[in-house]
Amino acid sequence: MSHTAIDSRKIIMTAIAWGIGLLIFFPILWTILTSFKTEADAIASPPMFLGFDWTLENYTEVQDRSNYFQHFWNSVVISVGSTLLGLLIAILAAWSMAFVPAKGTKNVLMWMLSTKMLPPVGVLIPIYLLFRDTGLLDTLTGLVLVLTLINLPIIVWMLYTYFKEIPGEILEAARMDGASLWAEIIHVLTPMAVPGIASTMLLNIILAWNEAFWTLNLTAAKAAPLTAFIASYSSPEGLFYAKLSAASTMAIAPILIMGWFSQKQLVRGLTFGAVK
Amino acid sequence: MATDHSRIAARFMISPAVLLLLGWMIVPLSMTLYFSFLDYNLLSPGMEEWIGFMNYEYFLTDPAFFAALGNTFLLVAGVLVITITGGVALALLLDQPMWGQGIVRILVIAPFFVMPTVSALVWKNMFMNPVNGLFAHAAKAMGLAPFDFFAHAPLFSIIMIVAWQWLPFATLILLTVLQSLDKEQLEAAKMDGARKMSRFVHIILPHMSRAITVVILIQTIFLLSIFAEILVTTNGGPGYASTNITYLVYAQSLLQFDVGGGSAGGIVAVVLANIVAIFLMRMIGKNLEA
Amino acid sequence: MGSITLENVTKSFGDVEVIPPLNLEINEGEFVVFVGPSGCGKSTLLRLIAGLEDVSSGSIAIDREDATSIRPARRGLAMVFQSYALYPHMSVRKNIAFPLKMAGLEQADIDKKVDAAANILNLSDYIDRKPGQLSGGQRQRVAIGRAIVREPKAFLFDEPLSNLDAALRVNMRLEISELHQDLKTTMVYVTHDQVEAMTMADKIVVLRAGVIEQVGSPLELYRKPANKFVAGFIGSPNMNFLSGEAAQKHGAHTIGVRPEHLACSRESGMWKGTVGVAEHLGSDTFLYVTLNDGSNFTVRSDGNVDLNHGDTVYLSAEPENIYRFDENEQAIG
Ligand SMILES: Nc1ncnc2c1ncn2[C@@H]1O[C@H](COP(=O)(O)OP(=O)(O)O)[C@@H](O)[C@H]1O
Ligand SMILES: [Mg+2]
Numbered sequence: 001m002s003h004t005a006i007d008s009r010k011i012i013m014t015a016i017a018w019g020i021g022l023l024i025f026f027p028i029l030w031t032i033l034t035s036f037k038t039e040a041d042a043i044a045s046p047p048m049f050l051g052f053d054w055t056l057e058n059y060t061e062v063q064d065r066s067n068y069f070q071h072f073w074n075s076v077v078i079s080v081g082s083t084l085l086g087l088l089i090a091i092l093a094a095w096s097m098a099f100v101p102a103k104g105t106k107n108v109l110m111w112m113l114s115t116k117m118l119p120p121v122g123v124l125i126p127i128y129l130l131f132r133d134t135g136l137l138d139t140l141t142g143l144v145l146v147l148t149l150i151n152l153p154i155i156v157w158m159l160y161t162y163f164k165e166i167p168g169e170i171l172e173a174a175r176m177d178g179a180s181l182w183a184e185i186i187h188v189l190t191p192m193a194v195p196g197i198a199s200t201m202l203l204n205i206i207l208a209w210n211e212a213f214w215t216l217n218l219t220a221a222k223a224a225p226l227t228a229f230i231a232s233y234s235s236p237e238g239l240f241y242a243k244l245s246a247a248s249t250m251a252i253a254p255i256l257i258m259g260w261f262s263q264k265q266l267v268r269g270l271t272f273g274a275v276k
Numbered sequence: 277m278a279t280d281h282s283r284i285a286a287r288f289m290i291s292p293a294v295l296l297l298l299g300w301m302i303v304p305l306s307m308t309l310y311f312s313f314l315d316y317n318l319l320s321p322g323m324e325e326w327i328g329f330m331n332y333e334y335f336l337t338d339p340a341f342f343a344a345l346g347n348t349f350l351l352v353a354g355v356l357v358i359t360i361t362g363g364v365a366l367a368l369l370l371d372q373p374m375w376g377q378g379i380v381r382i383l384v385i386a387p388f389f390v391m392p393t394v395s396a397l398v399w400k401n402m403f404m405n406p407v408n409g410l411f412a413h414a415a416k417a418m419g420l421a422p423f424d425f426f427a428h429a430p431l432f433s434i435i436m437i438v439a440w441q442w443l444p445f446a447t448l449i450l451l452t453v454l455q456s457l458d459k460e461q462l463e464a465a466k467m468d469g470a471r472k473m474s475r476f477v478h479i480i481l482p483h484m485s486r487a488i489t490v491v492i493l494i495q496t497i498f499l500l501s502i503f504a505e506i507l508v509t510t511n512g513g514p515g516y517a518s519t520n521i522t523y524l525v526y527a528q529s530l531l532q533f534d535v536g537g538g539s540a541g542g543i544v545a546v547v548l549a550n551i552v553a554i555f556l557m558r559m560i561g562k563n564l565e566a
Numbered sequence: 567m568g569s570i571t572l573e574n575v576t577k578s579f580g581d582v583e584v585i586p587p588l589n590l591e592i593n594e595g596e597f598v599v600f601v602g603p604s605g606c607g608k609s610t611l612l613r614l615i616a617g618l619e620d621v622s623s624g625s626i627a628i629d630r631e632d633a634t635s636i637r638p639a640r641r642g643l644a645m646v647f648q649s650y651a652l653y654p655h656m657s658v659r660k661n662i663a664f665p666l667k668m669a670g671l672e673q674a675d676i677d678k679k680v681d682a683a684a685n686i687l688n689l690s691d692y693i694d695r696k697p698g699q700l701s702g703g704q705r706q707r708v709a710i711g712r713a714i715v716r717e718p719k720a721f722l723f724d725e726p727l728s729n730l731d732a733a734l735r736v737n738m739r740l741e742i743s744e745l746h747q748d749l750k751t752t753m754v755y756v757t758h759d760q761v762e763a764m765t766m767a768d769k770i771v772v773l774r775a776g777v778i779e780q781v782g783s784p785l786e787l788y789r790k791p792a793n794k795f796v797a798g799f800i801g802s803p804n805m806n807f808l809s810g811e812a813a814q815k816h817g818a819h820t821i822g823v824r825p826e827h828l829a830c831s832r833e834s835g836m837w838k839g840t841v842g843v844a845e846h847l848g849s850d851t852f853l854y855v856t857l858n859d860g861s862n863f864t865v866r867s868d869g870n871v872d873l874n875h876g877d878t879v880y881l882s883a884e885p886e887n888i889y890r891f892d893e894n895e896q897a898i899g
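Protein chains in written order, with this note's numbering: chain A, 1 to 276; chain B, 277 to 566; chain C, 567 to 899.
Honestly, I wouldn't trust all of these hints.
Okay, derived cross-link-like pairs now, DSBU-like style, lysine-lysine, Cα gap no bigger than 30 Å in a straight line [what the hints assert, rightly or not]:
#	chain 1	residue 1	chain 2	residue 2
1	B	459	A	10
2	A	264	C	696
3	C	769	C	719
4	A	164	C	696
5	C	719	C	679
6	A	164	C	660
7	B	459	A	264
8	A	264	A	116
9	A	264	B	472
10	C	719	C	667
11	C	660	C	678
To be clear, the hints were calculated from the coordinates, so they are not data collected in a lab.
This is chain A alone, in the form it adopts within the complex (with noise of 0.2 Å):
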């Protein structure tokens, strides 16, 4: 092959994949312009893609009609509070499974990715009745319990994978020099899993933050996150495509920019490590 037939292969190449590439971005390109349009313009036919008025006037009504930032609020406790308390639970499992082995660790690992499995609707309804009852529906507690509590295998095993990779015998060192159990976890094995923690909690926070099963069937007004919040919108007023593009560009922007960070540890925290 010739210098210039590479180069024209490329170019075509390059062309193509930006050309789907934008295409699949669309969507999201078109609700963030939206977010800048008067509604007018929003529903103009032909419709504007660039040669409009821009104003930052929905993001101001969409805070001022609808409290936008007590559920964004929420959405921030809920998926970083069971992200936390998450890690917390599952460092520990994953340094008795990955140090300490022993003959059923494999098969508790196992099992407990088969919760994960478990579709939410066969536990809907006594969960629902038990936060009814306990008075947890609709408050952020019962939700940071229930987030982490379903997303507590895939952190467990995240961590387990990450932790499987440090070598034993430095904790071992640090018990011969001294380290109790709990020094050891904290001056040694935490700031060596240090990346991996970090990966582990980035995913764990988009995983939480987009979650719309539970946050929209344990929640009504006061704990609603981004998720119940945007949902409100299915059943509109009057014009409100602008609005509705502002409130999801705001719920969208800081887990898309996360995301984007985290492709990898997505593709290992999802695939259970099936996939490296």
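Based on these hints, arrange chains B and C with the ligands on the given structure of chain A.
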């Protein structure tokens, strides 16, 4: 690495995770099982009575169940077909030498990070709406009549939305696997005179096959439980045209307050998911050995 | 301070008994080397002493006090691991200071001791680096530094030099020997390399499949191996063995001759053979000879030997240099 001391500590430290998950699985699941044998409606509390398998009989003979079962299957199968074929094609494309590959990758992966309610509403209103949606504008521009997606093809529309969300996942995983393919193997095949198509069939596809199974099984688990997308677009309608099992159980229990019937449906969903899950566990188990 | 006594110690992993009942006395200040082929249980034995594994039965005493169920940290022993096991996220200073910090020492004391150790080990220039920025030899020194600051009753080394290249290994071998001269602390050193064992040990413990085959000083083992296994394991190149008729002549089931005890001649000798390969190193010559009965002998000769591939050669040894073994591989006489 194992003295009695550390073994005892290990038992102790693994127990919160085990107990929590055990509680999460066993307590509500056995409650669901129990409710499924009761005539139990939230609107008439205190009137619960044991009715044996009646709820199952009603649920499993209800035409809505068959509609939902069929829709669940179509939804899962439709999304799988689109995402797997699309994912393989996109992975092959993104693996080619090009400029700005990293940026294209970021563009392609983006939909996966959009929360389900946002993507469903954006598609429903800004693209598929028969009056103001972009598709309607496009149809009018070409002199065609706009198509009312959710009225006439509700399930298809939902499949498209969900496929858009999951295409990135399949692409990302297949691309990761493709990039791990030993390029010398391909060059050797080239030297041996293998044409593009036969390189794809005999080398690339087998290399990706395990990852494809993983993608299929993981997506299936998630796709069986699609909920938010239906809730904010069609509410399962018109009629039961876009109701899946998950949504049916939700509607029965939290909209009609029929706890007994909903629970029976929940157990059916668990059984169905288990059949799928068994395959998945087998496979991941094998990977654990490797 | 620093004697270690193992009494009827056994260790099983599940159903597999890795160490059958074993007794061993390590005296204060001794440099003891456990040597044996890979997988024979050296590390396991060391880890039992360290307390990183529980014994299945038997007891371990340190300074005559029972330590069998004492936790590793409380045994007063320091260990240097094969992989060095440095804490990758800590600087050299923090690595060495870690055991002192765990012991709850004052910061000023810690600094003093760390600086002293760094001085001894020539680490002062690297004290603020992370282990990832050090060479293999430097990492090894940090691991040793971390061990010596604790002023332990004994040092345990698990193949500490096996990850170093050959030249560095010789250097570190000397450094560890010197350290032992200076500190006079008991050292228990595990290796599969008999050269390390011969050059460093006061006392060598030869292990095979968890069983002690022989205990003794390097020269004792060289001169009076208790059995064929020890005879073949100690000494480099390995001892040559002959069995059958040639051995029966000497009233043994098997006889052995060390390569350095063989004399060659072109005319006559005890065993006739053909030179396969001749390695002329200048100072020495190594000959690989195939005897007429098909067995292979290695010969170590002086640099002046002028034999080459295909030459016929006669080998012989002085009677006192012929080791004799019975059918149970035990030494005779
Ligand atoms: N944690 C363990 N579980 C099971 N078997 C082990 C374990 N540690 C060591 N062994 C076995 O014990 C034997 C001795 O191992 P080791 O002490 O590491 O040998 P060496 O250090 O002499 O090479 C080997 O056969 C090894 O497979
Ligand atoms: Mg070893």
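Each hint tested on the structure:
The suggested pairing of residue 459 of chain B with residue 10 of chain A holds, with an alpha-carbon distance near 18 Å, which does not exceed 30 Å. With a C-alpha separation of about 27 Å, the suggested pair residue 264 of chain A and residue 696 of chain C falls inside the 30 Å cut-off, and the hint holds. Taking the CA atoms of residue 769 of chain C and residue 719 of chain C, the gap is about 18 Å. The hint holds against a cut of 30 Å. Distance restraint check for residue 164 of chain A and residue 696 of chain C: the Cα-Cα separation of roughly 22 Å lies within the 30 Å cut-off, and the hinted pair is therefore satisfied.
A threshold of 30 Å between alpha carbons decides the hint, and for residue 719 of chain C with residue 679 of chain C the separation of about 17 Å falls inside it, so the pair holds. Note on residue 164 of chain A and residue 660 of chain C: the hinted pairing holds, with a Cα-Cα distance of about 24 Å set against a maximum of 30 Å. With a CA separation close to 21 Å, the supplied pair residue 459 of chain B and residue 264 of chain A stays within the 30 Å bound. At most 30 Å may separate the alpha-carbon atoms for a hinted pair to count; residue 264 of chain A and residue 116 of chain A meet this at roughly 21 Å.
The suggested pairing of residue 264 of chain A with residue 472 of chain B holds, with an alpha-carbon distance near 29 Å, which does not exceed 30 Å. As the CA atoms of residue 719 of chain C and residue 667 of chain C are separated by approximately 19 Å, the hinted pair is consistent with the 30 Å bound. This hinted pair checks out: residue 660 of chain C and residue 678 of chain C have alpha carbons roughly 13 Å apart, not beyond 30 Å.
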